[in-house]
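**Q** Listed below, chain by chain, are the residues.
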Amino acid sequence: MIPWSMSNETHQDSEPNVAVNPANPLQIAASAFTLDPFRVSIPFYSPIFISIDGGNTWTLNNIVPSAPMTYDITIRFGASSNILYAAILHSPSGLMKVLRTNNFSSGSMTELTSETRASVDMPYIQATTVIGGIDVGKDRIYIGNNDFNTIPNTAKIDQSLDAAGLTPSFDSIILKTRPIGGARQDGPAIRPAIHPSGVVYGIYYGYTDFRGTFAFGGTATCDVVVVRDNNWGIGSRYWDLIDPTDNLRGIRVAREIEVPWGSQISVIGQERLCGSHLSIVVHPGDNRMVYIAWADRQVSTGLYTLHVRKSCDSGRTWSASDIKTLANAINPALAVNIRGKVGFLYQQHTISHDTGLGGWDTHLELTDNDFTTSDNLVLATVPNEIPVQYFPYLGDYVHLMAVGKDFYGVFSTSNLPDMANFPNGVTYQRNANFSTYTLLGTDGTTVIQPSIDPFFVKVTQIPDTSDFYVRDWTNSTISHDSGLEPSTNPIFFQTSDIWNRHNNSPGVFNMNDQPDHEIPQMDRNFAFARICRNSAGTSESVKAHFLSSEFGIGSNYQNVNVDPFAHDLDVNFSSDMLMTLTSGVRWNLPLFSSNHLRLAVEISTLTDPIIPPSLLGHTPGWPTTDLMIINDNNKAQRNMGVYPISGVGRVSFYAIIHNGATFPRNVNVLYESAKKIENKLQYARIEIIGGDSQPFQSGNIITLENMQPGENRWIGLTLEVPNIGDNEIISVMFYEIVNKMTVDGFGIDAQPSTLSRVIQDNLEFHASVFKRISVTFNIDWTEEESLAAQNLLFQEKTSSQTYLDFLHVHAKLIDIKLPEFIMSHTSVDPFGIHIALKNLENAVQRMSHNDPDNMVQQGDVNVCVPTHSTLLHKLDAFVTMLQKSKGDPADILQNVMWQRDLYSKIVHLKKLEFSAQIVKRSEEFIHDFEMQKVGNTDYPKLISSLLEIFRKTSEALVSLNLQLEKDVEDMTNFGSETALQRMHRNYLLKLQSLDKNYNH
Amino acid sequence: MSDRSKDQKSIAELTQRAGFIFQGTVEKLQSATMSVVPITDSTVVVRVDEIFRATPNLGDFTGKDITVQLTTPHKPRIGNKLIFFTEGWLYGNSIAVLEIRRFQVNDANASLRTEITNEIQKLPDNELQKRVIHAEIIVVGKVLKSQAAVLYRPSRMTEHEPDWWEADIDVQSLEKGTYSKKIITIYFPHSVDIMWYHAPKYYIGQEGIWLLHTSQIEGTNAEFYTALNPLDFQPKQKLERIRSFVMQLGVA
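So the sequences go chain by chain: V and L.
Going letter by letter, the first sequence gives residues 1 to 1000 in the working numbering.
Going letter by letter, the second sequence gives residues 10001 to 10252 in the working numbering.
Keep in mind the hints are simulated off the structure, nothing from the lab.
Glycine included, C-beta positions come from ideal geometry on N, C-alpha and C.
A portion of the hints provided could be inaccurate.
[Unchecked claim] Covered by chain L, according to a simulated footprint, are these stretches of chain V (three or more residues, beta-carbon under 8 angstroms):
id : segment
1  : 2–8
2  : 145–152
3  : 387–394
Between the sequences and the hints, there should be enough to build the whole structure, so can you do that?
**A** See the structure below:
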């Protein structure tokens, strides 16, 4: 990384760190103990390394206000803010300072003075940007540090929840609550790890005793402690992991281990040991999966040893033994990429069998199976012969991070130019002659003595030529998703490159490069997707798979109903192509289905598959808070209700809220609109069906309390149709919020249109809603209603008068028959259809102000249009509600996952002798379903095979009076997969009732 | 103060501040030698004709094009020959520097080159003089004893632990300040951690000149004399020079 212009330098550039800008991985910053090249610049600055080409070339940028270098320094970018943060120990003062810059290639870093503090050691920073929800766009930074101001409990995390703000404030949290024993402090390494869902982990060495001194060598006795906070560090203040053996904060993964200290006798290969070798990382797609690494001295062998362990349950339990153990190794750095591949960078001291001389090997191991097998890349293998200038020799730490699929790391080692030292190749920027093994000055002739340099490594999992993606968002021809994982725009469902058409033509892209989506129509539709890659070069075939689910939040995806049954479409990319459209995939919207749907596409190749699981049977956000759409550039969804509006008065729209989790919970939905249209929403209301309604207040959260797994509820938006001539789209976004984090979302666009367009739309909607009722409930008059509307649509253009005539007749007919239909299914009218119907009748027959003698004459079409539309939306949602009450095949996988969780977590069930069997069978089905080896048609077989267990469960729990016998009996006589899903759910709901204190 | 003396002062200040002083010829306007440089109206490419001051780490850039980010008004023209006082900015396959000030090269300021050279030659002395000014006492002597500091009880364990040692110096002469004893004990960090490695270490038999300052030593709860800056210890050959600085202060 030392640039050509610094070819003459011989400094020991140890203890490197690296930060990749997740919003633009071409931008990378790195740091080391590198001197200000001029060393006399006033004011005093020291450099960081910067690259704007993904690490291919590096430049020193003198922007850190500390000279002639920093002492400790770690750096990190916000996830989408483009701001680079640094936590340093300042030279010469030794103060901890936190710095930031929004332009890392220009200008200097500025100090966040509120965080400047003396008597602090080894600040280690992590940063992210909140990608959705209440605090969307805010940068959050977490700095692990050893703070001697709070001796003896010195392990701390300092955090700022708005680090990009004008004057960020910091909160300093002492992590340790256990008795300190004979020690006076904790270890210097305190490492945070952030998941974008807001779950923050920390790891530290909690000291219990210390013998000796640093100068002459000593030994710390300590625990390796992992802490967690589920809500950005402000929820429980890191009390979300409690050790069950002492009920104190943090799980002790290892206890009473020995960590050697010192710079004289506690040394490996010229490197000192000081309790700095800790690493923690959380899987970016699953906040429950955590890896840690620590170092200790093994009592049995006396060897300094690295250990790697894994937790799959948010840190509560850990692998019983190491998944990786390395003797004589230091500087562990773990990373997990978006696909769950684990990267492990470390440096190991070796003794040559031939010469008996010591050396340092730097490894990067990559594994998909917790090191059962791994790709072990030896990045450097160098003799340990460069003289020490100071400690640390190589560094007290290195760093590895993953952005998307790729790994980025940095380490320091000997810069002796010998290709044998770099088995996987190396590129020097500084002048060097690999034939003569000599470094050369900028003049190309002066021989320069070797020293310790930082080296950058990037491991690309899929080259750009083979990394295909579907955009999650497009704002314009120049501002759009470029395949980043995760993508950076919180609205990932409005302008995605997946859309529907009524005919087999992709339509015309608008001036902002967005496709022209058409709301699905009854029967025949065509789904399209635009597939991109960032570099041409290979011919490849990309498979595109289309799915749909209910419009709203939390509903599980199913394959679109394609005709013929071929869900996958092969799209051929020639070697020179960067982008192409799929051909239209014809799919049918069944007559009994609502056309209020969301669409999704998953693309894959042999080398670039989707990140499992598929959306099939799942919904974004569940079963974990995995943002499966934005994390995987092979997936995209469109979840927008785009409705034309016109006329005068109010109009209402509805969406489903489904609890996609496998446990009861409060579902929080945040809604918001752009500031510029807030005045158009001043009389708008948000309605919770079966609950309250409230005035629209952008940014508010509505809570749907105690939703059971698989339960559906509806929310509605009612707004005033804007005045004629006001053509601005009224766009309202809804987000499912978990821990203040967006996990899913949808939008409603009310699009001012011409009266004739909305009349057309209403008639189509009228035809489809009544057809649905006819097909679903076998009611003749609704078929006639549908036909009447369709007949009108066959006319070339329906005039306002013809439309009014239609309504005049049909409002009366509907008023006579619809209440009977509603009352036959429910004693309540949850959507207020009766009132909507009366409103329509009043609208078509309202009194004329101009002619009070003519009391009943046809009304104003401008009033009728939104009133009719509202009635249809209410009716459509009601019909969906009735359909869902009969069962939902989309929830089959969710049922099985729920069943697994109940039998593995609820005490009453867990203790049953056959619970392990049902959990195992459920796991197998879930696995096979996610691998698409089985599907909904295999569900009855699974249930049949479990009936005996259900019966035994019923018998075992008979004293609890759950009355499970009837449900089990029902399941033996199911009529369809849909009905079976409902019966199975009824059974599971009763089991769920056993868990009164289910707490997630 | 005359204008000339003002200029002299500014040249001295500029020389002290600027890490890279050179004469160059403007080659391109609104251009840069490195892709990482954001190009503005003030970004120019300059060929380095002669270097007055540079760090040895940088090697010899004479004859090479570099990028200069101008900060003063009145943009130069292509072909202008100028003397630039600059500070460091970007170092890659070329370098980019930030202008502090520039001067036209012409007959009117023919003496400028000499002044710059003179000021550069003074720089080491200037630094030493500053240390002399700030030193509380200056002694000439010889280290009699060097050992781990007896009173030092570190209150914390950190890799940046200074590991204070004490050296007893047999005072041969007192050059500045007040001190009446024959032996003076000074503290120094024995650590070679990144935070302390640059601080001089003192060993038995070492002779020279110590420029001493008092420092609060954490872990002793007391103040001790220290000589932490590399310039705080000088060989005896520098004695006359240091005496001249002390004389200028009039406080010996």
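**Q** Each hint: holds or not?
**A** Hint check results:
{"no.": "1", "hint": "2–8", "in the structure": "holds (count 6)"}
{"no.": "2", "hint": "145–152", "in the structure": "holds (count 3)"}
{"no.": "3", "hint": "387–394", "in the structure": "holds (count 5)"}
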